[in-house]
Structure formats: structure tokens, C-alpha cells
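A.B. asks: So the sequences go chain by chain: A and B.
Residue 85 is where the first sequence starts when you use the numbering used here, and the numbers rise one by one after that.
Residue 31 is where the second sequence starts when you use the numbering used here, and the numbers rise one by one after that.
What the hints contain is simulated information worked out from the structure, not anything from laboratory work.
Any given hint might turn out to be false.
Claimed, not checked - Taking CB as the label site, the calculated pair distances span:
{"#": "1", "chain 1": "A", "residue 1": "P173", "chain 2": "B", "residue 2": "R79", "range": "24 to 30 Å"}
{"#": "2", "chain 1": "A", "residue 1": "R162", "chain 2": "B", "residue 2": "G106", "range": "44 to 50 Å"}
{"#": "3", "chain 1": "A", "residue 1": "P92", "chain 2": "B", "residue 2": "G120", "range": "22 to 28 Å"}
{"#": "4", "chain 1": "A", "residue 1": "S137", "chain 2": "B", "residue 2": "T34", "range": "43 to 49 Å"}
{"#": "5", "chain 1": "B", "residue 1": "E95", "chain 2": "A", "residue 2": "S137", "range": "43 to 49 Å"}
{"#": "6", "chain 1": "B", "residue 1": "R52", "chain 2": "A", "residue 2": "A106", "range": "31 to 37 Å"}
{"#": "7", "chain 1": "B", "residue 1": "G106", "chain 2": "A", "residue 2": "S129", "range": "44 to 50 Å"}
As the list claims (entries may be wrong) - Here's a subset of chain A near chain B, in silico, CB distances under 10 Å, partners left out:
{"#": "8", "residue": "D149"}
{"#": "9", "residue": "A154"}
{"#": "10", "residue": "S167"}
{"#": "11", "residue": "I190"}
Note that the structure is a prediction, hence the values are computed from the model and not measured.
All residues carry an ideal CB built from backbone N, CA and C; glycine is no exception.
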Amino acid sequence: MAELEPEPATMQIDTHLDPMGAQVVVLSGELDSSNAASLQERVASLPPPPVRSLIFDLTGLRFMDSAGIAVLIGAAARASSVSLRNPSPIIRRVLETTGLSTVFSIEP
Amino acid sequence: MKSTRHFHCRLESIADARRFVRDRLSGQPRETVEAAELMSSELATNSVRHAVSDFELRVHLSRDEIRVEVSDHGQGQPVPRSPTVRDQSGRGLQIVQALAQDWGITPSSNGKLVWFTLPVRGRAEEHEARSTVSGGLTELTGAKQGVQAGRADQPQRA
């Protein structure tokens, strides 16, 4: 089979405050070790520290591996609470089997 | 069906490796494809980041089983760790352990091969769906056998 040019994972990050004052980070695309650092930098730059409540909206995130989970855990250490909104079934399964569903609140 | 592809040692190859696995397993249930994709991503990441090596990915799709192999030239042996919920790293092989039917590491003369398997579920589900519609005795028997085969795999996945 002929080798194709590798296409990197692409991810979009959008941030906003919700009406309750929680910081929302909306992720879409694919999150792996090729782009986890860019999410880490974005989370670290969120104003104003310390963040009280952080919500990662994963509705549009098609893929995440342990590199992405590592960033979420890092974010959890800096916020009073971290919620994950609409993780895909496979992400949900990984969070449950690794015991991480106790670190995040998972919505719904 | 067997497919093999070589990937260069670069972070961009990891997404490419996932795409390769997804394409090879098209037609399999979504849950199976996503689990294979995730585990392949973890193994490809280990090759690129820890072994710092090109890697070769092989997908074997047989009647009953999906087997994925990732081989690289890294000399070190990956060791599954038991990270606490606050640890940020060490989760790659933990995820493979959790999702695979079976998995293992085989050292070779010039590196190592890490593999995992998943059961092929499509056949059992297909039989079940057919037996629900027709209620035919033959197909019902087939469906039961399919379910039993699925259950027999459960302890290995615990």
C-alpha cells in the first residue's frame, strides 16, 4: 500500500463563561498527544485564576486518548470542580474503568 | 483479512494510525471500532514518544477476532502502571488492559511487538436480530451460541 501523507489530529478550542460564572471549554475534533499541549496552554491561560468551576464540553470531541485525559486531570487540580459534558460512550467507558469518573462530574 | 502499514516516528502518525485502523474495521460495530482505535492510539503513542521509533501496524480481521499489532524498534519494555486518579501519566497500557479481550508484549530481536485482541461481535448480533424477526429455531440456536461465546470472553476483559 502506498504511504499517504500523515494528517495530524485537528482540534478546535472555544472558551466562554456561562451565566453561572463557570468557565466553559468547548472542544471538538480529535485530542491526542500531538495537540494535548495546545489545550494545556489554553487552560493554563484562562482568566482569572483561581478558576472556580470548569466545564469541558466534549459534545463535538470525536476522539480523546490518555494524553487528553492527562490534561483534564491537570485542570482538575487547579479548579474546585471539573465537569465533562457529553463525553462519547468510549470516553465514558474509559473514565469508568480507570476510576476517573470520581474525579470529574459527568453530565448528563 | 490482514493489512499492514508502516508509520514514521512523528506525532502526526498517531492520528494516521487511528484512521488506518478505523478504515480496516469499517463494518464492525461502533463500540468495537472505537475501542480498537483508542488502544491503537495508545500503542502508537508509546512507539513515537517512548520508543522514539518508526512503527508498523497490523490489523488481522478473522471470523471471530480482531487482532491489532504494533511493532517498533524500541528496546525498552512497556510496563503497565497503576496510576492514582490524580496521576497525569501512565494510563496508556491501563486503557489497553481495560478494553482488550486479551493483550501482550512480545520482544523481538530488533525491538518489540505489542498486540491486543477484540471479539468480533457482528455475527452474534446479526443472528440475534434475525431470530427476533423470524423466530426460526435454527437461527435462534445460532444466536444463543453467539451470546455464549461473547460471555465466555468476559472474564478476560475484567
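A.B. asks: Would you mind marking each hint as holding or not holding in the structure?
C.D. replies: Consistency of the hints with the structure:
Evaluation of the 24 to 30 Å hint for P173 (chain A) and R79 (chain B) yields a pass: the beta carbon distance comes to about 27 Å. Here the CB-CB span from R162 (chain A) to G106 (chain B) is close to 32 Å, at odds with the stated 44 to 50 Å. Distance hint check for P92 (chain A) and G120 (chain B): the Cβ-Cβ separation is about 24 Å, which falls inside the suggested range of 22 to 28 Å. Range check, S137 (chain A) to T34 (chain B): Cβ separation about 47 Å, and the 43 to 49 Å hint holds.
The hinted range of 43 to 49 Å is satisfied by E95 (chain B) and S137 (chain A), whose Cβ atoms lie roughly 45 Å apart. Roughly 34 Å separates the CB atoms of R52 (chain B) and A106 (chain A), a value that falls within the hinted 31 to 37 Å. Taken as a hint, the range 44 to 50 Å is violated for the pair G106 (chain B) and S129 (chain A), whose Cβ atoms sit roughly 35 Å apart. The closest approach between the C-beta of D149 (chain A) and any C-beta of chain B is roughly 4 Å, which is under the 10 Å cut-off, so the hint is satisfied.
Among the interface hints, the one on A154 (chain A) holds; its C-beta lies about 4 Å from the nearest C-beta in chain B, closer than the 10 Å criterion. With its C-beta approaching chain B no nearer than about 16 Å, S167 (chain A) sits outside the 10 Å limit, and its interface hint is violated. The criterion of a C-beta within 10 Å of any C-beta in chain B is not met by I190 (chain A), whose closest approach is roughly 14 Å, and the hint is violated.
The earlier numbered hints that this structure contradicts are 2, 7, 10 and 11.
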